[in-house]
Amino acid sequence: MKQRDGDRAKMFTRRAAVLGGFQATLVGALVARMYYLQVVESDRYKTLAEENRFNLRLLPPPRGEIVDRFGVPLAVNRQNYRVSIIGEDILRHVRSAAEREAAVAHTLDALGRIASLSEYDRARVQRELKRRRSFVPVTIRENLTWEEMASIQVNKLDLPGITIDEGLTRFYPYEEKAAHLLGYVSSVSEEELGDDPLLELPGFRIGKQGIEKVYDLALRGHGGTSQVEVNALGRVIDEQTTEEARPGAEVPLTIDMRLQDFASRRLSGESASAVVIDIHTGEILAMASMPAFDPNAFTRGLSNNEWKDLVRNPRSPLTNKAISGQYSPGSTFKMVVALAGLESGVIQENQTVFCPGHTELGGHRFHCWKRGGHGTMNLENALAQSCDVYFYEVAKRCGIDRISDMAKRFGVGEILNVGLPGERPGLMPSRAWKAATLGESWHQGETLVAGIGQGYVLSTPLQLAVMAARIANGGLQVQPILSRMAPSPSEQGFLDANAAGLQGAEPPPSIGVSKAHLDAVRRGMFAVSNGPRGTARRHGIHVEGWRLSGKTGTTQVRRITMRERETGIRREDQLPWELRNHALFVCYAPEASPRYALSVCVEHGGGGSSAAAPVARDIMLETLRLDPARKRPGEEPRIEDLEPELRALLEEAHATADMVSQPYGPPLPPDFLDDDDETTIPPIGEGTPL
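Going by the working numbering, 453 is the number at position 453 of the sequence shown; the sequence numbering is gapless.
Calculated directly from the structure, the hints in this document are not laboratory data. Take these hints with a grain of salt, some might be off.
[To be verified] Per label pair, the in silico range of CB-to-CB distance:
(1) Pro173 with Pro314: 26 to 34 Å
(2) Leu26 with Gly167: 28 to 36 Å
(3) Glu175 with Thr352: 51 to 59 Å
(4) Asn304 with Gly167: 37 to 45 Å
(5) Arg33 with Ala102: 43 to 51 Å
(6) Leu579 with Glu652: 27 to 35 Å
Glycine included, every Cβ here is placed at the ideal spot set by N, Cα and C.
Using the sequences provided together with the hints, build the complete structure.
Structure representation (structure tokens):
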């Protein structure tokens with residue numbers, strides 16, 4: 001019995017020794033580990049602790065401003081008041097999820113009686129409060145008005161957890177009047193995330209269209225930093241140091257906003273565009289496209305209904321028609337055909353062609369716009385009265401390849417790299433183009449159609465303005481520019497050296513056209529607006545020193561059958577809007593010493609002389625009065641100080657610009673189509689589409 005008790009004692013002692021040894025080993029390991037961490041690695045962990053204690057936060061920079069040629073702000077940053085909610089301030093004594101939602105809903109209801117809140121905003125706030133830590137603010141609404149912000153501050157005691165933050169938001173003071181030029185800014189999408197950490201900041205916006213996109217990197221600026229002390233939960237305790245953000249660069253444009261504003265108002269109510277260009281420097285002084293959109297709506301966020309209205313609008317308010325609209329140039333193209341004929345020697349200025357109202361080719365009849373014909377025409381009269389038969393004959397003698405070469409010298413069918421995304425090239429066909437594109441041979445009848453600016457020929461209003469500028473400046477290859485600042489590197493594809501305004505003081509090169517031939521064409525353009533039978537004589541500026549030279553154009557968008565010709569073509573005012581002809585007009589002024597060129601295109605406007613010419617005259621009048629290439633704001637003559645005839649014209653122009661604000665423009669005049677309107681008939685066969 002004693003032996004058994006002794007064995008048990010020995011076993012207990014051994015077990016206790018093993019257990020004690022294990023415990024000693026464990027304690028020793030812990031002590032060693034603690035010594036290693038607290039003594040050997042103390043510096044390293046001290047550094048890590050400091051890094052956890054202090055956070056470096058990125059501060060968004062103010063976006064650079066966009067200004068016009070005189071420094072007038074076009075895109076600025078405006079003070080933005082945001083209302084946010086901090087969950088811990090209202091959920092501190094809440095236990096269940098239902099009570100939490102009820103408490104938040106009660107606060108949002110109280111806030112909604114002061115500032116309007118959508119159901120989407122309410123649902124988003126509830127969702128964000130569940131996902132984020134309770135002390136992190138959740139934005140409820142941005143862009144509060146001053147009255148809303150003040151009311152919230154006054155009722156702060158009844159709005160637990162509600163705070164007001166102040167920031168900056170993009171603002172476009174001229175709204176739709178410069179929308180297509182400036183574009184807009186919007187939130188960064190996942191596809192646009194790159195190496196720039198600014199793009200990951202909540203609420204950071206980048207340029208999505210227009211100048212905002214092309215110069216985005218320059219406008220974006222450089223972010224600042226703020227070092228803050230936080231606790232273990234990430235709550236900010238103290239702000240240590242701050243490095244201020246550097247604002248983005250200011251981007252100056254060549255636009256004169258006074259003229260841009262007038263052109264936009266004058267085009268209001270139409271689906272139309274206008275481009276004003278300095279013929280010597282290529283500076284774009286106005287580029288208006290109507291209808292347009294309000295870029296401020298994109299900044300604050302569009303509703304589904306607003307987006308649908310923009311997309312479904314048949315007048316395409318989202319499209320910059322000045323650079324993206326491609327139209328048959330119609331009779332505005334006849335100067336190019338005339339120069340192709342003069343340069344190739346197939347016609348002379350005083351050589352005549354008889355117009356009986358049509359011409360025959362291969363059994364097909366090609367009609368002139370004037371059913372009875374114009375009689376005997378030389379170049380000047382053919383341009384003044386826009387005789388189609390004369391230019392059918394010139395085109396037939398030249399051939400399409402000579403016409404195509406001349407057109408490209410004047411910018412038709414070419415990308416001009418004006419410096420905006422969305423610019424389209426138009427089209428100037430040739431034998432090689434048709435063979436390569438359609439796999440078909442060229443037909444002479446197609447040359448005749450191209451000779452009056454229809455068929456395959458397409459151009460943009462910008463190209464037509466450049467064409468008029470190169471005619472007016474004596475055949476110099478002036479390039480259109482919108483800003484003399486270099487674009488963002490990522491957008492270099494939109495601009496070349498000329499378009500960026502980096503060509504320096506060197507004059508543009510010649511396009512290689514005889515001055516005598518250009519003078520002959522210019523005499524014809526002068527007769528269009530000032531001659532006794534000119535198609536735009538009723539809409540010229542018949543004041544010395546202000547006279548303009550121009551060319552009307554009317555292009556069809558529908559087929560006219562032989563039966564309709566026999567029974568009578570329906571008047572434009574009898575057709576639905578979308579079936580009416582496009583109206584175009586190009587011009588330059590003043591005739592004695594040209595400085596400005598202009599193109600106007602009114603979609604489905606009816607006739608070039610009745611729809612586009614009066615618009616162009618009014619815009620050119622305002623251009624000459626403001627003289628933006630030479631005068632600063634305030635130095636231009638006041639309308640009331642001008643001589644009576646000019647004063648009457650300008651007063652009428654401004655009154656019209658203020659009046660035409662109806663959704664579908666002013667009513668058509670009763671004499672909408674008369675013998676001064678050049679309407680081109682489809683020339684190949686019965687009802688052949690153009």
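Verification of the supplied hints:
For Pro173 and Pro314, the Cβ-Cβ distance of about 29 Å falls inside the hinted range of 26 to 34 Å, so the restraint holds. Checking the proposed 28 to 36 Å range against Leu26 and Gly167 shows it is violated: the Cβ atoms sit about 56 Å from each other. Against the hinted window of 51 to 59 Å, the Cβ-Cβ separation of Glu175 and Thr352 comes to about 53 Å, which satisfies the hint. One distance hint, 37 to 45 Å for the beta-carbon pair Asn304 and Gly167, is violated here, with the actual separation near 26 Å.
Checked against the hint of 43 to 51 Å, the C-beta distance between Arg33 and Ala102 comes to roughly 50 Å, which is consistent with it. At about 30 Å, the CB distance of Leu579 to Glu652 agrees with the hint of 27 to 35 Å.
Comparing the model with each numbered hint stated earlier shows that hints 2, 4 do not hold.
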